[in-house]
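*Asks:* Numbering-wise, my numbering puts 129 at position 91 of the sequence shown, and it's gapless, one number per residue.
Incorrect hints may have been included.
Claimed, not checked - So the derived label-pair ranges between C-beta atoms look like this: (1) D60 to N80: 28 to 34 Å; (2) V83 to K115: 44 to 50 Å; (3) E111 to S90: 31 to 37 Å; (4) Q114 to A82: 37 to 43 Å; (5) D60 to N96: 23 to 29 Å; (6) R62 to L87: 28 to 34 Å.
Derived by calculation from the structure, the hints in this document are not laboratory data.
Please read all numbers here as calculations on a predicted model, not as lab measurements.
Where a beta carbon is used, it is the ideal one built from N, C-alpha and C, also for glycine.
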Amino acid sequence: MLMNLHKPELPAEVEEDLTPLDLRKCIEKTRRNLEIAYAGFNNAVDVELIDSYIYEINSLQKRYNHLTKIAAEEAQKEPSLRQYSPIRTLVSHVLG
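Full structure from sequences and hints, please.
*Replies:* Now the structure itself:
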């Protein structure tokens, strides 16, 4: 008996686009998903469902922490507008 070894076909519709377009959007989406997971956890009564929400919340918290860390690092890389302030130049010129 020969087995069908074809690759499974991909679904015609993709439920969610996982390509991050904007870091802020990813952070906001993760925060919303975290709120939804907390709401589900608070309303769950089945032990297995509670466990599921605990794992989901832990996962989302780690993702949220990772994304906010990246955002903080990106903010450090961008030069601040205060650095190029004319007042700062004047003060440094007067005070030496």
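*Asks:* Against this structure, judge whether each hint is valid.
*Replies:* A quick look at each hint next to the structure:
1. D60 to N80: 28 to 34 Å: 30 Å, holds
2. V83 to K115: 44 to 50 Å: 47 Å, holds
3. E111 to S90: 31 to 37 Å: 32 Å, holds
4. Q114 to A82: 37 to 43 Å: At 40 Å between Cβs, range holds.
5. D60 to N96: 23 to 29 Å: 25 Å, holds
6. R62 to L87: 28 to 34 Å: 31 Å, holds
In this structure, every one of the numbered hints holds.
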